[in-house]
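Generate coordinates for the entire structure from the input sequences, incorporating the hints supplied.
So the protein lines, in turn, are chains V and C.
Counting along the first sequence from 1, when you hit position 112 you're at 112 in the UniProt record's numbering, and nothing is skipped either side.
Counting along the second sequence from 1, when you hit position 9 you're at 9 in the UniProt record's numbering, and nothing is skipped either side.
One or more of the hints may lead you astray.
Unchecked claim - As a list, the in silico BS3-like pairs of lysine-lysine whose alpha-carbon atoms are at most 27 Å apart:
1. V:108 <-> C:507
2. C:839 <-> C:1016
3. V:112 <-> C:861
4. C:1083 <-> C:1016
5. C:584 <-> C:694
6. V:43 <-> C:730
7. C:507 <-> C:1199
8. C:584 <-> C:839
9. C:1168 <-> C:1104
10. V:108 <-> C:1104
11. V:108 <-> V:43
12. C:781 <-> V:43
13. C:507 <-> V:112
14. C:584 <-> C:556
15. C:584 <-> C:697
16. V:108 <-> C:781
These aren't lab readings, by the way, just hints derived from the structure by calculation.
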Amino acid sequence: MEAAVFILSLVDCCALIFLAVYFIITLSDLECDYINARACCSKLNRWVVPEMVGQSLATVLMLVSLHWFVFLLNLPVAAWNMYRYLMVPMGNMGVFDPTEIHNRGQLKSHMKESMIKLGFHLLCFFIYLYRYDAVHWCLEFHMQV
Amino acid sequence: MSAPRFTNLNTSVGYSLNSTPNGGSAPPYQNGPVGQTYTSTHSSTGYYGVSPHEQSYPAVPGNCAPAPRKSHITNNDHSAYYHHNSYQQTIGAPTVPSGYGETPPHHPASQPYGVPAPAAPPNHQHAPSFQQPAPYTPPGAYYGQRQYPTSQVQHHPQQPTLVSAPPVGPGAPMYPIVSYPSAPGSSQYGTLRSSRAPTDSGAIPNLMGAPLHQYPPGNGPTESAAVSPGYSVAPTSQQATVNGQVNAVQAPILQQYDQRCQAVKAQDPPGGQVPHHTRTTKGDGPQPGNPIASVHSSPGHQQGMRYGFVANSEASSANAATNAAPSSSSSDEEDDEEEEDEEAGGDSSSTTTDSVSPVPNSYDSLEGGSYPESSVPPSVDEAKQAPPFGYGYPSMQPAYQQGPPPRTDSSPSHCGYNQTGYQHLSQPFPSMSQLSAALGGLSGVPELEVEALRPVNLLQERNLLPLRPLEAPEPHLSADLKKANCSPNTFRCTLTNIPQSQALLNKARLPLGLLLHPFRDLSQLPVITSNTIVRCRSCRAYINPFVSFLDQRRWKCNLCYRVNDVPDEFMYNPVTRSYGEPHKRPEVQNSTVEFIASSDYMLRPPQPAVYLFVLDVSHNAVEAGYLQVCCQTLLENLDRMPGDTRTRVGFVTFDSTIHFYNLHESLSQPQMLVVSDIDDVFIPTHDSLLVNLKESKELVRGLLTALPGMFFQTRETHSALGPALQAAYKLMSPTGGRVSLFQTQLPTLGHGLLQSREDPNQRSTTKGVQHLGPATDFYKKLALDCSGQQIGVDLFLLSSQYSDLASLACVSKYSAGSIFYYPSFHHVRNPAQLDKFRKDLERYLTRKIGFEAVMRIRCTKGLSIHTFHGNFFVRSTDLLSLANVNPDSGFAVQMSIEESLADTSLACFQAALLYTSSKGKRRIRVHTLCLPVVSQLSDVYAGADVQAITCLLANMAIDRSISSSLSDARDALVNAVVDSLSAYKSTVSNLQQSGLIAPASLCLFPLYVLALLKQKALRTGTSTRLDERVFAMCEFKTQPLQQVMRMVHPNLYRVDAMSDQGALHLSDCVVPQPHLLHLTAEKLTREGAFLMDCGSVFYLWIGKCCNQMFIREVLGCPNHASIPPNMTHIPELENPQSERLRAFLAWLQDSRTFSSTLHVVKDDASGKTSFFQYLVEDRSESAFSYYEFLLHVQQQISK
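Below, the structure is given as structure tokens:
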């Protein structure tokens, strides 16, 4: 059970890492003018909900397996994702809006946000890995004894 | 050979290719529409000529069986006749049996619609039930619901089978012949274009290559000069000043040109086809522009061009002769410049000439065609450039000196202007390279600095307003940089001294940004045709007056500091016809220049001018009565719309269905095609909905005459705006162009339908104002699609009720359109609005336009763009995509300083606007602004431009109020004042006196911010309709600075006792110059008459005890009581009082492009509120007075 939770979290975390990297790559493409704002935003908006779901899944998994520390670590990020999604004004085309992304340094702040998320997911990844290993070794140890 | 020539040929090639499939509607495309579902298209027809299939309506009882008309039968090869399952036309024609069949064409208004046949029930069933696809119900008694056999209606639009329609007997609807090259969704032009591409690209190298390489070498400068007979004599006043030192040589030069003209004329047959604008720098000695080389055009072409040239050269030589004597002082040394007189698109004799001229490159001749203008004495010319401000300094100076606050910053600098200008310019070449080093930014005039920094105690000094409208502060640069700098009307920075680091900027608490008006109507603009446009190789900046030449062959970019090579061609100076004077080239002499771009700057052949008018014809629209005015104005200005022989127009009307008009030239009358499938809009026919204006002018005229009558009796109250826009998008996407949308109500059907969001009870709330943002992203998405296809959408909203402008405006905002709003428009009840609409529309139709434009703003390394304001789509960090660009829109840009500018003394900004002119030529207009960099906070304050700061803050506040809330935005505005003044107090002024201290440069800042807070856009507490508020916000974002300032802080003048003292003496009249008054009721007296200039409106306020004489002489009324309540113009009376006022009004009007309406306001209850709301210094029920505001600011500072 414990192991399954962590394996699942690990997979989820990997997906989130990939997603964060994808966000960063796409945004930097936009920064360098390789793609246009419209294409960039529609690409990214497609992945906002999956990201939110992935993050919530990790949070919920930690909650049900009663890992309070990791749960509390994940909760703010999940809440932020949710908040960001819900606070999109009606006329905007999603979290990333092509008409605004170049204004008010939004591109930079999106970039920064993705970077921070990437760091966070990497951290989580190692936490899960460590916990999983710990559980795993524990089990092995028990079996050996 | 020069680029434009190539362009010409190219476009003509493109055009002819294009025209074959389109224009001809060639037989291959005429296939039976068996595959199409024209759900409810009807071959309609403006005047209801009966189309053959009309015979197929016998099932409908009570209808006429109109006789087929010959004309239609002959025409039906070209036209598509469509069928309908539910005939939804609300025109009322059906009820008029006789009219329907037999109305003579060109008699539109008379019968069919106007006269309901007494026998038939009048249009009763045009209720919403029509929209239901109720096609298969049993035939009703009325025409409107004609039923057709199901089988025919089932065709799917995508079905590609194109089989010619079988002849249909009576009883079954006859399917029209449709010209459908492809499935309805796809664009005919798209396919065409792709097939054309190879041809074009084949043609391009040919045409271009030949002229480039076939110059017989050695013809030398003589030839190249000979090419440009006329231009040399076009005096620019600017140049007159600039080039003062060469005056001595001028006469000979002129003569030479004259001779050359003759010479060229003599050699006409071989060399005559030289396009006239080869005048520009044809390169250096060995590769001069030899006219003879261009032998590649077709014979016809050559003929045309040659004649064109002959005519031109004659004209210009004549001009040269006449000019030589009087304007010798103003003639210039740069024969590669030309003047372009495209002023105020309105007049354009040029447009007319062009549209009728068969000569392919007549545009060239037109561009040069401004000689009469150029022979005007330079002083007048200069005045024309900036009418309100630039006029006659000498006469104004005494007034300046009298002024209580001696704001002398402008006049002395102007004096210095000319004198120093000569000296510096006459310096030898290397001095240019040392300029920036020598300047150090502050070598200007120190006393100005001191004056701008003079501490002003705002609580004590009451008369802060200058006597004349405020001018832009001059940057403190050396005189020749100042002279070369961009006009403040075009390019303005909030801080004319750029702080050298972000930290310093933060300390000053002032916003850093630019205000641009890049496509302004200019009376003088050097246009440069050159094979290579010299640009920096790393940052791609255009060469400009502020680059430094390291030596003869290298120049250093002033934006990125890269050292570039000077191309050979650039070394040749056509002015002196000498080699090695690159710094004398016009690009390096003028900060505003226009290049004719080569094919490198085209992604596709330049598009023709394409105008599509999308008109709301629902009941509401007819009730408001705009259609009549709109069509009338269009009719009158059809010939004045910018364009060439390729210009195309189209019309779409909509209510709950969408009506297209087939205007193919071969038709005798326009045909109306109705599409009722608004959920999935398609274009019924591709080839003749957008027609060549020239070829189909009669039909267009016919349609415009008929349109108002056609919908006279409509009962359709719904509006399918979204689908109509989608249709417009589909129609325009192959070419791009301008869509003018006229809407009168909330869209209620189809995509993009909107609900009313305004709660009238909340109009005057002081709590947050809701719904400032769009309700749906439909319009935004559509606008982005349009922008991608180079379609600009301009919105005219003529509505009496809430129409959710916040959502609708998005369609223009992101497609670089303009927005016009006429609240409570009604053709009878509101004549003032009607008049304004007519005038605005006239200006709108005739103003210049640029298509498929992009604008890039570059700035010195270290500065970066933070936010853009205006109508456009930001395509990348510094690139704005403007589907259309018009001369009336301004832009604002917020900047941030990313790296320290400490190692440079000058900061430069360059805005380059690449566009396709209405004549199908690719052009680049480049503006460059140069400002000093400073390291002292006091210098930053000294250079603050309070008007620009106010405008930029207004833009920022509007963004804030949409993204956050209105109260936030208001707080931010107040904080801007508090922060900047407290920062000034704590850092710069060392006076420890109490009171509110501001530097003189910012002494109007609190007043302007207070005025901003009382604007419709940002006010609270006063009842403001949501749409009007949103419109005011849109205006702030798109109007150029001068206009915004007039709206924010109107100019108030006392006009009942104007004297000629200090008046401007213009060539034809004397314009009195009354003093500016503070906007407070205190300044109004009952004995006076006051004129308030609010930008788009003038108010003439007549006091109760105003001089009877004045009322009689100016207004033509015996006394105050007899002044009519809604007086909107001043009678032309022959007496000095009246003449003076009218001259003043006309002079004020001159400085703006849209004509302003005048309201005469009597000093009684009726019109007072509208006038008094502009008195921003007074207390209103919900807002501070100016003094209270100052106290509030002071309190905040001391906190």
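The hints, checked one at a time:
For a cut-off of 27 Å, the pair hint linking residue 108 of chain V to residue 507 of chain C stands: about 23 Å separates their Cα positions. Simply put, residue 839 of chain C and residue 1016 of chain C have alpha-carbon atoms about 23 Å apart, close enough for the 27 Å limit, and the pair holds. The straight-line distance between the Cα atoms of residue 112 of chain V and residue 861 of chain C is roughly 23 Å, inside the 27 Å bound, and the hint therefore holds. Taken as a hint, the residue 1083 of chain C and residue 1016 of chain C pair is honoured in the structure, with Cα atoms around 23 Å apart against an allowance of 27 Å.
Using a Cα cut-off of 27 Å, the hinted pair residue 584 of chain C and residue 694 of chain C is violated, with the two alpha carbons roughly 43 Å apart. For the proposed pair residue 43 of chain V and residue 730 of chain C, the alpha carbon gap of about 24 Å is at most 27 Å, so the pair holds. The suggested pairing of residue 507 of chain C with residue 1199 of chain C holds, with an alpha-carbon distance near 18 Å, which does not exceed 27 Å. Taking the CA atoms of residue 584 of chain C and residue 839 of chain C, the gap is about 43 Å. The hint is violated against a cut of 27 Å.
Taken as a hint, the residue 1168 of chain C and residue 1104 of chain C pair is honoured in the structure, with Cα atoms around 12 Å apart against an allowance of 27 Å. Note on residue 108 of chain V and residue 1104 of chain C: the hinted pairing is violated, with a Cα-Cα distance of about 60 Å set against a maximum of 27 Å. Distance hint between residue 108 of chain V and residue 43 of chain V is fulfilled; the C-alpha atoms sit about 17 Å from each other, no more than 27 Å. With a CA separation close to 15 Å, the supplied pair residue 781 of chain C and residue 43 of chain V stays within the 27 Å bound.
Simply put, residue 507 of chain C and residue 112 of chain V have alpha-carbon atoms about 26 Å apart, close enough for the 27 Å limit, and the pair holds. Note on residue 584 of chain C and residue 556 of chain C: the hinted pairing holds, with a Cα-Cα distance of about 16 Å set against a maximum of 27 Å. Restraint check for residue 584 of chain C and residue 697 of chain C: the C-alpha separation of about 47 Å exceeds 27 Å, so the hint is violated. Restraint check for residue 108 of chain V and residue 781 of chain C: the C-alpha separation of about 24 Å stays at or below 27 Å, so the hint holds.
Checked against the numbered hints given earlier, this structure breaks hints 5, 8, 10, 15; the rest are met.
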